[in-house]
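Could you put together the complete structure from these sequences and hints?
So the sequence lines, in the order shown, correspond to chains A and B.
Mind the numbering: the first sequence is residues 1 to 356 in the working numbering, read in order.
Mind the numbering: the second sequence is residues 1 to 362 in the working numbering, read in order.
To be clear, the hints were calculated from the coordinates, so they are not data collected in a lab.
A virtual CB, placed ideally from N, CA and C, is assigned to each residue, including glycine.
Derived EDC-like pairs: lysine to aspartate or glutamate, alpha-carbon spacing no greater than 20 Å straight-line:
| # | chain 1 | residue 1 | chain 2 | residue 2 |
| --- | --- | --- | --- | --- |
| 1 | B | LYS203 | B | ASP32 |
| 2 | B | LYS22 | A | GLU250 |
| 3 | A | LYS167 | B | GLU28 |
| 4 | B | LYS178 | A | ASP72 |
| 5 | B | LYS24 | A | ASP326 |
| 6 | A | LYS334 | B | ASP190 |
| 7 | A | LYS93 | A | GLU78 |
| 8 | B | LYS269 | B | GLU166 |
| 9 | B | LYS291 | B | ASP316 |
| 10 | B | LYS273 | B | ASP239 |
| 11 | B | LYS178 | B | ASP188 |
| 12 | B | LYS269 | B | GLU176 |
| 13 | A | LYS167 | B | GLU3 |
| 14 | A | LYS167 | B | ASP26 |
| 15 | A | LYS167 | B | ASP32 |
| 16 | B | LYS273 | B | GLU176 |
Covered stretches of chain B, as calculated for chain A (at least 3 residues, CB under 8 Å):
| # | segment |
| --- | --- |
| 17 | 116-124 |
| 18 | 182-196 |
| 19 | 331-344 |
Spelled out from the first residue to the last, the chains are:
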Amino acid sequence: MMDLYELVESIVVMLIGWIDQWVPDQLAFLISPTSIHAYVVLGMAAVILVICLLNVVVMIWIERKFIARLMDRRGPTEVGFMGFLQNVADGLKLFLKEVITPQGVDRWVYVMALVLYIGSSITVLALVPMSDRFFMANVEGGLFMIFAIFTLAPFFIFIAGWSQNNKYSLIGGMRSAAQMISYEIPLMLSVIGVILMAGSLSISEIVNAQSSIWFIIPSFIGFFVFIIGVLAEVERIPFDLPEAEAELVEGWTTEYGSIRFGLIMFVAYLRGYVGCALAVFLFFGGWLGGPFSAYMPPEAWFLIKVYILFMILVWLRASAPRIRIDQLIQIGWKRLLPLAMLNIMIAVFLSAMGWI
Amino acid sequence: MAEMWVNMGPQHPMTHGLWTLKVKIDGETITDAIPEVGYLHRGIEKIMENRTFPQSIPLADRLCYGSAHSWSSLYVFTVEDLMGVVAPERAQYIRVITLEIQRIINHLLWLAAYAADLGILTMFLYPMRERELFMDLMQMISGGRLMYDYTRIGGVRNDTPDRFEEETLKQIAVLEEKLLEYEGMMDDNDMILMRTMEVGVLKPGDAIDLGVTGPNLRASGVPYDLRRHDPYLVYDKLDFAICVEKRGDCYSRYRVRMNEMRESMNIIKQALKDMPAGPIMAQKVPKTAPKGSEVFTRTADPRGDSSMHMIGNGTDKPYRVDIKSPAFINISAAPTILIGNRIADVPSIMGSIDVCIGETDR
Chain A
1 MMDLYELVES IVVMLIGWID QWVPDQLAFL ISPTSIHAYV VLGMAAVILV
51 ICLLNVVVMI WIERKFIARL MDRRGPTEVG FMGFLQNVAD GLKLFLKEVI
101 TPQGVDRWVY VMALVLYIGS SITVLALVPM SDRFFMANVE GGLFMIFAIF
151 TLAPFFIFIA GWSQNNKYSL IGGMRSAAQM ISYEIPLMLS VIGVILMAGS
201 LSISEIVNAQ SSIWFIIPSF IGFFVFIIGV LAEVERIPFD LPEAEAELVE
251 GWTTEYGSIR FGLIMFVAYL RGYVGCALAV FLFFGGWLGG PFSAYMPPEA
301 WFLIKVYILF MILVWLRASA PRIRIDQLIQ IGWKRLLPLA MLNIMIAVFL
351 SAMGWI
Chain B
1 MAEMWVNMGP QHPMTHGLWT LKVKIDGETI TDAIPEVGYL HRGIEKIMEN
51 RTFPQSIPLA DRLCYGSAHS WSSLYVFTVE DLMGVVAPER AQYIRVITLE
101 IQRIINHLLW LAAYAADLGI LTMFLYPMRE RELFMDLMQM ISGGRLMYDY
151 TRIGGVRNDT PDRFEEETLK QIAVLEEKLL EYEGMMDDND MILMRTMEVG
201 VLKPGDAIDL GVTGPNLRAS GVPYDLRRHD PYLVYDKLDF AICVEKRGDC
251 YSRYRVRMNE MRESMNIIKQ ALKDMPAGPI MAQKVPKTAP KGSEVFTRTA
301 DPRGDSSMHM IGNGTDKPYR VDIKSPAFIN ISAAPTILIG NRIADVPSIM
351 GSIDVCIGET DR
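The following block contains the structure:
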């Protein structure tokens, strides 16, 4: 089966085949095999980015329609088929607004924090495959790297909140830091069970290890802890304290306007996608369709699982209020951490007995 | 972190209107709070001095967007006391019914806003949906959905329409069922309980000292209801319970309002049954108030005891009107309730005491 690299390479080689007769000798290095490799990597990055961004648009649409039905209303209906293009219209609106930088902000930090927040979140996409043939990089410690990059964001949120010269943003940023510390640890520990059972940190090997049984069955507690940790990590209700709109206006995003705010919202959903994708890799057999895998390509299986999981998160958003920061931290340390430990013990036991 | 002042308002999602709450926070804990009102002062009391008595009825509607009818009724009751007019019995029953519908509308609006303050947007839309039904009822009887302009000095503007009784009973049946749904969303939700239980406790002694009235006082365990203790209209003929909760926290205030909606529906049912036939306007309504007359009238507004003080000078205009709003008293109780709580609880607490700035600033 042709993977993404070979696909992009064949396109690049074809394009170069058309133009190489006009390329002068002095510029021949532009079509050398090394350059072609660089073009292919760039092309893959573009393909992955575009597909993931389209995917995020779909997810926002799913959220808007699904939460609207839960709330007994219809959601967007006018723009595009069933309001599908409403997100595009909203993005365009934000894009056309004036970019305002408030007085008194630490300008360098204010812009760079946003750039780094968005950049680090998009970088993760390189490591999140959609199937065993559709990926950018399949590194040995993929899971580890995803977490390393994914969990950088609260730090950027913190400095963004600090840079804005606004008390709401400052409190939002501090909450983000507190939330990060208390939820990162249970999140990591909840994954250890899966890693033990799969015996690898590589995403593709973790997925392939689930060909007989999804890890949610032996590691249900781990999934429970993981999904709560992911909710806190991507800052969705009930854990959207850093941008708690009732008391902190918009929290750390208060002073970001126009397309900057649009990008923050977009990246928030992107992080939601990555969180759901990780949960699907670790607990729901990734792109494996089990006995029905012949009916659909693996990418479709993967996306369907991600969307269903995302809908559960939307459901949670529709039925839960925001909780308080001290309660959040208490839940993190007093409930989730012991549960994650218990999950590790179960995983160790199962592995030691050779049942998994 | 050092202590700092955070301004919540006048443009802030917490405020539900136009007012400022300055809170001094130490980390996340509130150590001091100063409410500031007055941004929405429209001089309604002064305008009333320059209008004839019937002309001010629509103006009194504008005191509060949440419960317009209770304010125009209070104004009309005050003028009736001033002139010595008594409305016929049927009009009094109709007033009770519309006032209780207004109370339900107000409490549903409060519930929606409170849920949105807590961050649960689904519960913002559900009560709003049922509020529409009761606004339809008010539209049926008065023609208005938010501002009714329905009571008149000496009675009400028009009689109930034909299918009013059965429509009302139908909507009450709907709401009775939906209240269970709300309770499923709120009371069965541990996160709601975490956010409301033991948060923003107002002790009964403090509540009485500060002059807090209405559901907030009853939530603190003081069984005081003006409809029972100083009855007006025909409330003394109707059988209803005073809803009291013990703890005085946000959850108690929520429970009091939920139970009050049930009691209001109970009152409406009784009033519909007992309503006699007859005229809806008093025979003779004077145009002027006697010289030297002075009255102080109280009613049980959905937010507490609203009262109006009026002086007549023999002309067709009042010499002086004073309005005392329960929401103003409740806002002034904010520092007592807030100190010691956390900044994340400010929306939860201030939402639970049901603030309306229109009537506060007049």
